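Residue strings, one per chain:
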Amino acid sequence: MSEQINFESKKNAQVYGESIAQLPQDLYIPPDALEVYLDSFQGPLDLLLYLIRKNNIDILDIPMTALTSQYIEYVERMKQIKLELAGDYLLMSAMLIEIKSRMLLPSPINEDDDELDPRAELVKKLIEYELMKTAAVELNDIPQVGRDRMVAQAYFEKIIEVNPPEVNIDEIFEAWKNVLKRAQQFESHKIERSELSVREHMSMILKKISEQDLIEFSSLFDPKNDPMAKLVVCFLAILELCKERMIKINQQAPCSPIYLKRAEV
Amino acid sequence: MEQQSKKLKDIIEVALLTAGKPLSIEDLQKLFMEKIERSTIRMLLDEIKIDWQDKSMDLVQVATGYRFEAKVKFSENLTRLNPDRLVKYSRVVMEVLAIIAYRQPVTRGDIEKIRGVSLNPNAIRQLVEREWIEIIGYKEVPGRPALYGTTKFFLDDFSLTSLSQLPDINTIGLESELISANQEKDPSTINDLNE
Amino acid sequence: MEQQSKKLKDIIEVALLTAGKPLSIEDLQKLFMEKIERSTIRMLLDEIKIDWQDKSMDLVQVATGYRFEAKVKFSENLTRLNPDRLVKYSRVVMEVLAIIAYRQPVTRGDIEKIRGVSLNPNAIRQLVEREWIEIIGYKEVPGRPALYGTTKFFLDDFSLTSLSQLPDINTIGLESELISANQEKDPSTINDLNE
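These protein sequence lines are chains A, B and C, in that order. Position one of the first sequence corresponds to residue 1 (our numbering), numbered consecutively onward. Position one of the second sequence corresponds to residue 266 (our numbering), numbered consecutively onward. Position one of the third sequence corresponds to residue 461 (our numbering), numbered consecutively onward.
Note that these hints are calculated values from the structure, not bench results. Keep in mind that the hints are not guaranteed to be accurate.
[What the hints assert, rightly or not] Reference listing, derived: stretches of chain B covered by chain A, where coverage requires no fewer than 3 residues with Cβ under 8 Å from a Cβ of chain A: (1) 267-277; (2) 292-305; (3) 308-314; (4) 353-365; (5) 427-433.
Note that this is a predicted model, so its numbers are computed, not measured. Where a beta carbon is used, it is the ideal one built from N, C-alpha and C, also for glycine.
In isolation and in its complexed conformation, chain A is listed as follows (with noise of 0.2 Å):
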């Protein structure tokens, strides 16, 4: 209660004594919306603006009693329904009791004047934060190239050789394996010599397929030139590319032939 007293001082002690009664009743929130809601603050110092908003809090006069307890039951409902909560939440908790606790310590007699309020950081951040929360508005309204804004870029062939990079294949391999470093994905990109075939094959389909729209499947097999992993690998790259959208397999009647075609048509 010593808070109060600390504070009530100030301008808006009754605006302030008012919003504690009031505060409880703001944390409801339909409990559907809550995961999506919750889930859309980007760390502490943003629920924090939040609270502070929605109470009608002064910046530089936080009810720290108040403001903590919200925040924390706020926290309380992230981790009850799951939400992936990083530990800087939990560390904004126990940075809020530790001010909360020594505004209610007797300040220090023979301190300087300049003593500092021990909610002074915390506030620096909050404006700070808030700032660069309208920065990033500011910026999304502007328009920006590729967005809102189309710039010429029209085809200009290079008739003259221009000494194009040299690119040796270690370097493609090379950026394979970053990409699948990166990527930690490394169980499902796995390459097996055999899939490299079939997306070979896949791509080779395609490309007749686009040149003539319409292919008809035997003709894609050649069984006598062809050996049998050959012709395996070709089905299961039209298997493929039908599984993955990429074109169209038509067969009017049974027994009647096999046509691929473009997706697109």
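We have chain A; now place chains B and C onto it with these hints.
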């Protein structure tokens, strides 16, 4: 009427100048809320072609649609602008090439998914201009994204007879082995992968 | 004479229409074998600007030079062409960009301190790949963390000629005013940037 047709022409023209790739008649129809007949689009394209006859570019039709191209007589000047611009491909370009080589056919969205970030269209453009990749079809999903694959020139330039000759990651082994292999090698390889 | 000036203008125009990025006066000078004065280039640019006044694009000057961009009145139509191609960044990415733009040079740790939460490295990576930010140095403290700043491409893409043209957030005023201004907004603003 005159006014209206000028507006339609301007919209088609600006779309072609900013698209960075050829646009089909269907693409151009999408520009308008109201339905514009294919024949109307074709007629407007003809008019635009004539409008540009004495100007700096040509409107030409290529396999996948229409695009503006710099008039051939300006190539010498244009080449002068960037004689040795492409000293080295960026890491992004190399990764895109690797993904297309190993995972083709892929859409731009696939590439973004694998890399986890959105992709500057310039990367694809550089590879298309180099004629190492090309559009080989379209995926039948909303937006009809283009499917990219490698070209014959890609195989030629790397002296491969088929894609199966690309280095095989499995000859090196699984992830753990890859990483430990890298750690055993001199430290510079690790930096290579991290930079 | 007339003929000659038309040819110079065409070359500059076609260079700007095909470059895919802004070109500086120096770039444009490189187009010609003969030496063309800066003042001549400037004059020709002015003429091109006027030539295009009633057409589909505007010739504009940005931080790194001149570029053609679609007239604003056509943006609705152009968006229709590729509604899903729009690159929209998440709120996190935009906040990181704002912090780097307004507080540069900053380390990743600085950004985390300001936002009060640890930062997914992907946010920085997206901005680096978009070439809106870059490492501009290292801080002489243990671990030598990288210092980030915005690039010229950032200025170009936001049509700014210098950082001083960034929206002035400090004019928003005292904290109290700031707070009440925010309260007037609809609470849904919280979600605005969440794509």
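Hints, one by one, checked against the model:
1. 267-277: Three-residue rule not met by the segment 267-277 of chain B, so violated; n is 0.
2. 292-305: Result for this restraint: violated, n = 0.
3. 308-314: As far as the segment 308-314 of chain B goes, the hint is violated, because 0 residues have Cβ atoms under 8 Å from chain A.
4. 353-365: holds (count 8)
5. 427-433: With 6 residues close enough to chain A, the hint holds.
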